[in-house]
Amino acid sequence: MIDTFVEQFPILIVTTGVFSAFTILVSGIFSRKIGYYILLFVTAIHFMMSIAILNYVISFGRIHYWIGGWRPPWGIEYVVDHLNAYVLVVILFLSFLSVVFAKRSVEKEIDEKKHPTFYTVMQLLIAGCCGVVVTGDVFNLFVLAEVASLATYALIAIAGGKALRASFTYLILGSIAICFYLLGIGFLYAVTGTLNMIDMRLLLQNIYDNKMVQVAFALVVVGLGIKAAVFPLHTWQPDAYTYAPSAVTLIMSTVVAKTFVYALIRIVFSVFTVNFLQKYINAWELVSWLAAVTIIVGSILAFRQYNIKRMLAYSSIVNVAYIMLGISMFYSYWGLSGALANILNHAVAKGCAFAAIGAIIYKTGLKDVRYYSGLAKKMPYTCGAFLISALTLIGIPPLAGFVTKFYLMLGCLEVKNYTMLAVILLGSLLTLAYFWRVVEEMYFKSVEDENTHGNAEERFNEAPITMLAPTMLLAILCIALGIYWLTSIPLEIIDKMIASMGVILK
Amino acid sequence: MLEAIFEEFFARYNFWTAVLIIFIGIYAAIAKNNLLKKLLGLNLLQTGIFLFFISLGDIGNLQTLGIGDATPPIIWRTAEEKGYMYANPLPHVLMLTGIVVSAATTCVALALLVRIYKEYGTIEEDKILEIEALRGD
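Chains A and B are the protein sequences, given in the same order. Its first residue numbered 1, the first sequence is counted upward by one per residue in our numbering. Its first residue numbered 507, the second sequence is counted upward by one per residue in our numbering.
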């Protein structure tokens with residue numbers, strides 16, 4: 001009984017999400033408080049639904065939902081396989097935690113009058129991202145990506161000041177990106193006459209030599225690459241992350257970034273397939289070199305930043321590069337596993353880092369690393385969580401980030417690509433360097449300021465529970481996930497995901 | 507040589523126009539200093555893409571096949587009897603959605619521009635950056 005019901009969940013998540021957004025907007029007329037609770041409730045329900053979907057997909061296989069009963073390739077189809085379901089769970093989990101985190105942070109950073117609209121837009125963002133993840137139609141992906149993007153622009157701009165300029169830059173670049181994607185789809189539509197991903201994959205099989213198809217591939221990869229902030233198309237990202245409100249940075253760095261990385265993986269592997277990549281492997285190799293350059297340059301740039309949010313933004317670029325490095329080695333099992341595992345690992349670790357920083361900014365208002373001296377005594381739990389996320393991002397075993405790097409290194413060994421192995425090791429060292437600065441300030445610098453020795457309240461000044469709980473949960477997950485990934489090799493879910501991407505490994 | 511180029515251009519002039527508009531749009535969106543001009547460039551880029559999609563749906567220029575121009579996608583008896591080709595309506599429908607998306611993007615961008623003008627008193631990018639540099643982080 002419940003199983004047949006689960007098949008409706010992909011569409012329900014998107015439609016109830018959009019409906020809930022309007023409900024929040026309308027509820028804002030009556031009360032400014034109630035919108036938040038609607039958002040919290042709906043996101044919690046969606047998260048549970050996504051777990052049900054994952055469960056269903058694992059036991060029964062792919063879900064196909066035909067909107068309006070129109071059979072593909074004519075109608076829009078929602079397809080959920082292992083990869084979708086996994087990413088859906090990741091982004092809804094992080095959305096839920098972001099929403100929990102948002103309450104106090106938004107109360108402090110944003111004018112109360114704007115709360116209903118803020119939560120409306122946040123709900124639209126979550127619904128749009130879920131839509132991008134569950135859809136099986138390339139044009140529908142465009143529309144939902146634009147829903148998510150427009151919501152993101154508005155959310156960044158709500159902070160005012162420099163965020164406005166950052167948001168406008170992102171809007172221009174993001175729209176150009178989406179236009180490239182749309183143009184790519186146009187080319188693919190011109191040669192295949194279909195918009196359904198599965199159908200398009202079948203029809204493209206024999207025309208990989210066609211110039212239209214090659215150009216379409218380049219356009220789609222560049223378009224989605226800009227949205228996912230792949231180097232050198234990342235220029236909008238540091239400003240946007242730095243000036244957005246804390247809660248928005250949290251949701252952008254985890255949910256939005258992962259959504260577009262997923263979209264890129266989906267189009268590259270499910271529409272164009274490995275055979276296409278194999279055919280133009282020399283061009284695709286470029287991606288691995290770009291990733292290698294990003295890992296080094298991004299880490300050095302991160303080292304030069306004193307604004308903590310900007311530093312973490314560059315760290316995000318580096319982590320997307322790890323994912324790109326993994327998918328550039330598509331012929332290696334471990335390379336792909338590393339990329340797929342990093343979607344979750346990086347979301348959890350960076351979510352934890354941004355949540356901890358959000359809590360610190362909430363309490364102290366400090367964004368500059370150099371003023372973090374002795375913060376660990378003042379906010380021990382938050383700093384502890386930040387320490388764990390830093391260690392995860394550096395890649396200390398057995399934390400989650402180590403697993404990513406371990407898998408990727410195994411992948412490099414598998415394909416005998418020792419340059420990339422060296423790059424990953426160097427990248428880890430550089431990550432250690434820039435995170436150590438922060439940790440050193442927090443834990444090992446004594447406080448010279450006399451005032452902090454005043455009363456007990458100022459010495460121990462922890463963030464409110466709604467901010468602390470998500471941070472701690474993510475920190476615990478960093479450890480638990482690392483142990484889970486390491487102890488349960490070979491991972492059935494990753495095998496299934498790789499199979500659902502259409503990659504057949506020898 | 508020149509004749510061949512002209513022939514190529516006029517045979518598919520709508521596609522060439524789309525390409526031209528797209529390139530002008532991208533140039534303006536990237537290179538212009540005034541933020542409003544950037545936005546106009548973006549709109550041009552989107553318009554170029556709409557033109558490209560709409561051209562895809564048209565099955566004109568069929569005289570060579572002896573069929574004549576395609577009719578609008580409406581099924582009526584004469585068309586069915588004579589076996590007329592009709593234009594593909596799907597790209598047009600897609601572009602209706604595309605126009606809505608483009609309008610929404612423009613709305614958000616214009617709202618942002620109003621806020622930027624209130625904040626900085628200018629919408630020239632270099633001046634905004636100067637003001638930001640003065641304000642510090």
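If you're looking for bench data, these hints aren't it; they were derived computationally from the structure. Treat the hints with caution; some may be incorrect.
[Stated by the list, open to error] What follows is a list of derived Cβ distance ranges for each label pair:
| # | chain 1 | residue 1 | chain 2 | residue 2 | range |
| --- | --- | --- | --- | --- | --- |
| 1 | B | K633 | A | D111 | 22 to 28 Å |
| 2 | B | I581 | A | G160 | 40 to 46 Å |
| 3 | A | G160 | B | L546 | 21 to 27 Å |
| 4 | B | I581 | A | A44 | 45 to 51 Å |
| 5 | A | A499 | B | P579 | 36 to 42 Å |
| 6 | A | F19 | B | P595 | 42 to 48 Å |
| 7 | B | I580 | A | A44 | 29 to 35 Å |
| 8 | B | I581 | A | D495 | 47 to 53 Å |
| 9 | B | N520 | A | W74 | 44 to 50 Å |
| 10 | B | R518 | A | V222 | 21 to 27 Å |
[Said to hold, decoys possible] Coverage of chain B stretches by chain A, computed from C-beta distances (three or more under 8 Å per stretch; other residues unrestricted):
| # | segment |
| --- | --- |
| 11 | 507-521 |
| 12 | 618-624 |
C-beta atoms are modelled at their ideal positions from N, C-alpha and C, and glycine is treated no differently.
Verification of the hints:
1. B/K633 / A/D111: 22 to 28 Å: 27 Å, holds
2. B/I581 / A/G160: 40 to 46 Å: 55 Å, violated
3. A/G160 / B/L546: 21 to 27 Å: 25 Å, holds
4. B/I581 / A/A44: 45 to 51 Å: Check passed, 49 Å falls within 45 to 51 Å.
5. A/A499 / B/P579: 36 to 42 Å: 40 Å, holds
6. A/F19 / B/P595: 42 to 48 Å: Given about 29 Å between the Cβ atoms, the range is violated.
7. B/I580 / A/A44: 29 to 35 Å: Violated, since B/I580 and A/A44 (Cβ atoms, about 49 Å apart) do not stay within the stated range.
8. B/I581 / A/D495: 47 to 53 Å: 49 Å, holds
9. B/N520 / A/W74: 44 to 50 Å: Given about 26 Å between the Cβ atoms, the range is violated.
10. B/R518 / A/V222: 21 to 27 Å: Holds: the Cβ-Cβ distance is about 24 Å, inside 21 to 27 Å.
11. 507-521: violated (count 0)
12. 618-624: holds (count 4)
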